[in-house]
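Line by line, the protein sequences give chains A and B. Sequential numbering of the first sequence, starting at 1, is according to the working numbering. Sequential numbering of the second sequence, starting at 1, is according to the working numbering.
Please keep in mind that the hints were generated in silico from the structure rather than gathered at the bench. Warning: the hint list may mix true and false statements.
Non-contacting residues of chain A with respect to chain B, defined by C-beta distances greater than 12 Å in every case (computed) [what the hints assert, rightly or not]:
hint : residue
1    : 36
2    : 37
3    : 42
4    : 48
5    : 53
6    : 59
7    : 62
8    : 64
9    : 91
10   : 94
From the structure, some residues in chain B lie toward chain A, with a derived Cβ separation under 7 Å [stated by the list, open to error]:
hint : residue
11   : 98
12   : 198
13   : 208
14   : 215
15   : 219
16   : 220
17   : 222
18   : 223
Where is the CB? At the ideal position from N, CA and C, for every residue including glycine.
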Amino acid sequence: MTKRENEITWKDVGVGGIVEEAGNASQYESGTWRSQRPTYDFSRCIKCGLCQLFCPEGCIEQNAEGYFEANMYYCKGCGICARECWTKVITMVEEEE
Amino acid sequence: MAERVGIEVSLAVAEAAMMANTDVVAAYPITPQTHIVEHLAELVADGALDAAYIPVESEHSAMSACLGASAAGARTFTATAGQGLELMHEVLYVASNMQLPVVMAVANRALSSPLSVWGDHSDVMSVRDTGWIQIFVENGQESLDNVLCAFRIAEDPRVLLPIMVHLDGFYLSHVIEPIVYPEQSEVDKFIPPFKYALRLDTDNPVSMGTFAPPVVYSETKKAQELHLRSTKEVILECWREFGKQFGRNYCPVESYHAEDASILMLTMGSFSETAMTAVDKLRGEGMDVGLVRLRLWRPFPFEELREAVKNADVLIVLDRAISYGGPGGPVCSEIRSALYNEVKKPKVVGFVGGLGGRDITVAGFEDIIKKGLDISQNGSEEEFEIYGVRE
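Using the sequences plus the hints, can you model the full thing?
If you want it as structure tokens, here you go:
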């Protein structure tokens with residue numbers, strides 16, 4: 001993969017801005033849009049995976065313990081996971097807090 | 001042998017595109033450019049030019065089709081004027097940033113309203129900042145020559161940018177002139193086949209015209225700006241090669257008795273030839289006057305312009321467009337800003353004239369030069385004067 005988007009200099013912009021490699025949309029850091037972020041109380045989590053199904057960004061994955069957690073590089077902080085979670089694991093907090 | 005023929009300039013422009021072996025023409029007819037694309041349609045229909053002619057429903061579509069054709073690796077030509085250029089407007093920026101080397105002849109026309117089909121440079125000035133290379137021509141021969149040069153420059157791997165060749169509507173487009181036609185074999189030697197390395201190709205897919213978030217948009221714009229500036233060297237090289245092969249030479253800033261003249265007139269396009277005659281007459285009367293003509297409009301030839309005017313006391317600039325409520329003529333404004341930081345520079349006086357097909361005669365240019373000299377000495381209440389308006 002080429003450089004991350006915030007490392008690209010004007011000299012890296014190729015002819016006509018043509019992108020030759022496939023799949024580089026994954027470098028797009030949509031997490032920078034976020035004003036709120038999800039916080040977790042995994043003691044309440046039943047690992048149902050509903051948050052992962054509802055996440056419009058597709059950025060929720062299971063961590064080493066099997067709990068579902070958002071990848072903050074992509075999480076836009078929409079809060080849909082927190083609203084859909086049956087057992088109230090997820091609380092959205094303001095980014096600056 | 002090259003052949004000298006009497007032909008309407010529009011037809012010669014179309015035949016230059018044919019000699020360059022254009023693959024695709026997508027165009028919509030509009031006065032005063034219509035004869036160019038009409039003739040290309042004929043040439044394709046008659047089998048004289050093996051190209052795809054795409055008749056579209058608007059200029060927006062014409063330029064969009066040109067982008068697609070060029071992206072697929074085709075040598076692409078179109079022509080337009082006035083309102084047609086305006087309707088293409090948003091697509092022009094796409095062509096330049098995507099580095100698609102479309103060649104377009106523009107038969108310069110005034111913009112509505114009031115409706116005018118006649119010539120001036122208001123259409124050009126509205127597309128000044130679209131990132132295209134822009135060349136002005138003064139007569140039929142220059143039109144043909146520079147359409148040929150445009151293909152070579154645009155498709156040069158060091159350039160890959162679209163080019164507009166500006167020829168004044170009616171003054172050039174509809175005039176029959178003697179034009180030297182080069183041999184086809186010589187044209188073939190001058191314009192190598194187009195090999196665009198990154199064309200649309202299902203076997204080697206790439207993404208074109210992608211999206212740039214704020215974190216990279218500025219980087220793409222700096223790259224585009226520095227790239228357009230860097231193409232000047234290739235343009236000069238192409239004109240030098242053209243001169244060697246065909247014996248006609250072109251420079252970004254042309255001068256006429258300008259080397260040591262204390263008074264200079266500056267023009268762009270076909271009016272320059274009339275201005276030359278006025279300069280001859282005034283020099284005959286003992287006035288120390290010369291003419292500078294701007295041929296390369298983008299990238300702007302800063303060094304050449306400064307060099308051409310550095311010894312003059314007065315520089316009188318004629319614009320054929322108005323920047324309403326602004327500094328007057330767009331060309332004059334750019335000349336002023338190009339000279340502002342120079343230690344030794346002429347006093348710049350701006351005139352706007354030749355709007356919507358209004359003629360400026362030899363006597364008119366004499367009058368402008370004399371008035372300009374007077375304003376440079378005695379000042380004026382106006383930022384610029386619209387020449388020849390009935391009070």
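Evaluation of the provided hints:
1. 36: About 20 Å separates residue 36/A from the closest Cβ of chain B, which puts it past 12 Å; holds.
2. 37: Given a closest Cβ separation of 20 Å, the condition holds.
3. 42: 33 Å, holds
4. 48: Correct as stated: the minimum Cβ-Cβ distance to chain B is 34 Å, above 12 Å.
5. 53: 27 Å, holds
6. 59: Holds, because the least Cβ-Cβ distance between residue 59/A and chain B comes to about 17 Å, which exceeds 12 Å.
7. 62: 29 Å, holds
8. 64: Nearest chain B Cβ is 31 Å from residue 64/A, so the label holds.
9. 91: For residue 91/A, whose nearest Cβ neighbour in chain B is about 29 Å away, the distance exceeds 12 Å, so it holds.
10. 94: 22 Å, holds
11. 98: 4 Å, holds
12. 198: 5 Å, holds
13. 208: Since the shortest Cβ distance to chain A is 6 Å, the answer is holds.
14. 215: Hint holds; residue 215/B Cβ to chain A Cβ min 5 Å, cut 7 Å.
15. 219: With a minimum Cβ separation of about 4 Å from chain A (threshold 7 Å), the hint on residue 219/B holds.
16. 220: 5 Å, holds
17. 222: 4 Å, holds
18. 223: This interface hint holds because 4 Å falls under the 7 Å limit.
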